[in-house]
Amino acid sequence: MNRKIALFTTLLLAGGALTWIAVGNMGNNLVYYWSPAEMKTHGSEAVGATIRLGGQVVAGSVKPGSPLRFQLSDGVASVDVSTTEIPPQMFREGIGVVVEGTVDANGLFTSNRMMVKHDNEYRAPKPGETVDQEKMKREMEQLFAEGGK
Amino acid sequence: MASARGMDWEHAVGALGLGLLIYGSYQGLFVLPPDRFMGDVMRILYVHVPAAWSTLICFTVAFVCAIGWLWRGTWRWDVAGEAATHVGLVFGVLLTCLGSIWARPTWGVWWDWDPRLTTVAIMLVSFGAVTALRSFVDDPERRATWSAIAAIVSYVDVPVVYFSVKWWRSLHQMQSSPSTVDPEMVMVLRINAFAFLFLAIWFIARHYRLIRIRRDAELGELS
Numbered sequence: 001m002n003r004k005i006a007l008f009t010t011l012l013l014a015g016g017a018l019t020w021i022a023v024g025n026m027g028n029n030l031v032y033y034w035s036p037a038e039m040k041t042h043g044s045e046a047v048g049a050t051i052r053l054g055g056q057v058v059a060g061s062v063k064p065g066s067p068l069r070f071q072l073s074d075g076v077a078s079v080d081v082s083t084t085e086i087p088p089q090m091f092r093e094g095i096g097v098v099v100e101g102t103v104d105a106n107g108l109f110t111s112n113r114m115m116v117k118h119d120n121e122y123r124a125p126k127p128g129e130t131v132d133q134e135k136m137k138r139e140m141e142q143l144f145a146e147g148g149k
Numbered sequence: 001m002a003s004a005r006g007m008d009w010e011h012a013v014g015a016l017g018l019g020l021l022i023y024g025s026y027q028g029l030f031v032l033p034p035d036r037f038m039g040d041v042m043r044i045l046y047v048h049v050p051a052a053w054s055t056l057i058c059f060t061v062a063f064v065c066a067i068g069w070l071w072r073g074t075w076r077w078d079v080a081g082e083a084a085t086h087v088g089l090v091f092g093v094l095l096t097c098l099g100s101i102w103a104r105p106t107w108g109v110w111w112d113w114d115p116r117l118t119t120v121a122i123m124l125v126s127f128g129a130v131t132a133l134r135s136f137v138d139d140p141e142r143r144a145t146w147s148a149i150a151a152i153v154s155y156v157d158v159p160v161v162y163f164s165v166k167w168w169r170s171l172h173q174m175q176s177s178p179s180t181v182d183p184e185m186v187m188v189l190r191i192n193a194f195a196f197l198f199l200a201i202w203f204i205a206r207h208y209r210l211i212r213i214r215r216d217a218e219l220g221e222l223s
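Here the protein sequences line up with chains A and B, keeping their order.
For what it's worth, this note's numbering labels the leading residue of the first sequence as 1, then goes sequentially.
For what it's worth, this note's numbering labels the leading residue of the second sequence as 1, then goes sequentially.
Read the hints as simulated data drawn from the structure, not as lab findings.
All values derive from a computational prediction rather than experimental measurement.
The beta-carbon is built from N, C-alpha and C at its ideal position, and this holds for glycine as well.
A couple of the hints might just be wrong.
Unchecked claim - Label pairs and their in silico Cβ distance ranges:
#  : chain 1 : residue 1 : chain 2 : residue 2 : range
1  : A       : 139       : B       : 182       : 18 to 28 Å
2  : A       : 139       : B       : 122       : 30 to 40 Å
3  : B       : 104       : A       : 48        : 25 to 35 Å
4  : B       : 137       : A       : 67        : 48 to 58 Å
5  : A       : 48        : B       : 136       : 22 to 32 Å
6  : B       : 210       : A       : 41        : 50 to 60 Å
7  : A       : 43        : B       : 22        : 22 to 32 Å
8  : B       : 131       : A       : 22        : 37 to 47 Å
9  : B       : 125       : A       : 59        : 41 to 51 Å
10 : A       : 42        : B       : 218       : 15 to 25 Å
11 : A       : 3         : B       : 125       : 22 to 32 Å
12 : B       : 93        : A       : 120       : 51 to 61 Å
13 : B       : 128       : A       : 112       : 38 to 48 Å
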């Protein structure tokens, strides 16, 4: 009998906890990264603090060099990013990235940790396409080293 | 108990699982094309995702067994729950290592505290704690009840692991579906998923027999 009371109490508690996590407003307290627009609404509050910023690499914005410069956009706002890290091999225009770092008063985001987000699509190369990971890696290193050219 | 003549049924399931794993992994490694952006690294999908599914299945079995013990009070529920928890932990650690190996070349990091990875870490620590709790309680009946309660509480995190990528922004991508994966890749993923499922059944059944012997010996000493 004691065991059954324990069972119902625990199930009730567990169910309650899960419901609270699922429908409770945890999203606001559990934000893994800010979008550029969200960072901008925080204005000067965001300056100097370590933050994670996520968005898409804007087409045509990548400036090779060390540090590497590019723009990150969420479709609403965009932020200039400067990173001291060689990008992961999948880095390219249009891909989602998460950068960790700080933003200065001029709105330049300096990052020392960059992560590339990939989507849930897995596709074979199109006819005639090849994938060469060593080449991708070399391209990233070149992208990073071509400063001042 | 293991019979002197003939084979325990679970060995057939295990052999089937191993056979499928060899076939599926051969297909995934050598026959199927690489991903057009990720290259050969993507092939780890064929073991990472099945490892994830079997981890969640094992912990679900442990959850059902915990309810079974508290409801019925028969020892097989307790023994099966302990076996499923252990096997779930093994697959969970494997899942995390495989994910980490995949993450380094694609995301650029071995680990980050994104919602998916954080909730998986919580899940493994929780069920690890359930296992640890067992060694702290001497009375078998009290041990079974306490670890069943702990397993049910730990299980709260399992649906959260699954939905974490839908509910919150994360670095980890959302679940794939047949519409986001090329059909031949889906096929091999399914083959390996069944391979891992059969291996999990094999492990749990073997481990069940071992724990059963220990439990019977322990209960025999008490009476």
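Each hint, compared with the structure:
no., hint, result
1, A:139 with B:182: 18 to 28 Å, "25 Å, holds"
2, A:139 with B:122: 30 to 40 Å, "38 Å, holds"
3, B:104 with A:48: 25 to 35 Å, "30 Å, holds"
4, B:137 with A:67: 48 to 58 Å, "56 Å, holds"
5, A:48 with B:136: 22 to 32 Å, "46 Å, violated"
6, B:210 with A:41: 50 to 60 Å, "58 Å, holds"
7, A:43 with B:22: 22 to 32 Å, "58 Å, violated"
8, B:131 with A:22: 37 to 47 Å, "27 Å, violated"
9, B:125 with A:59: 41 to 51 Å, "42 Å, holds"
10, A:42 with B:218: 15 to 25 Å, "59 Å, violated"
11, A:3 with B:125: 22 to 32 Å, "26 Å, holds"
12, B:93 with A:120: 51 to 61 Å, "24 Å, violated"
13, B:128 with A:112: 38 to 48 Å, "33 Å, violated"
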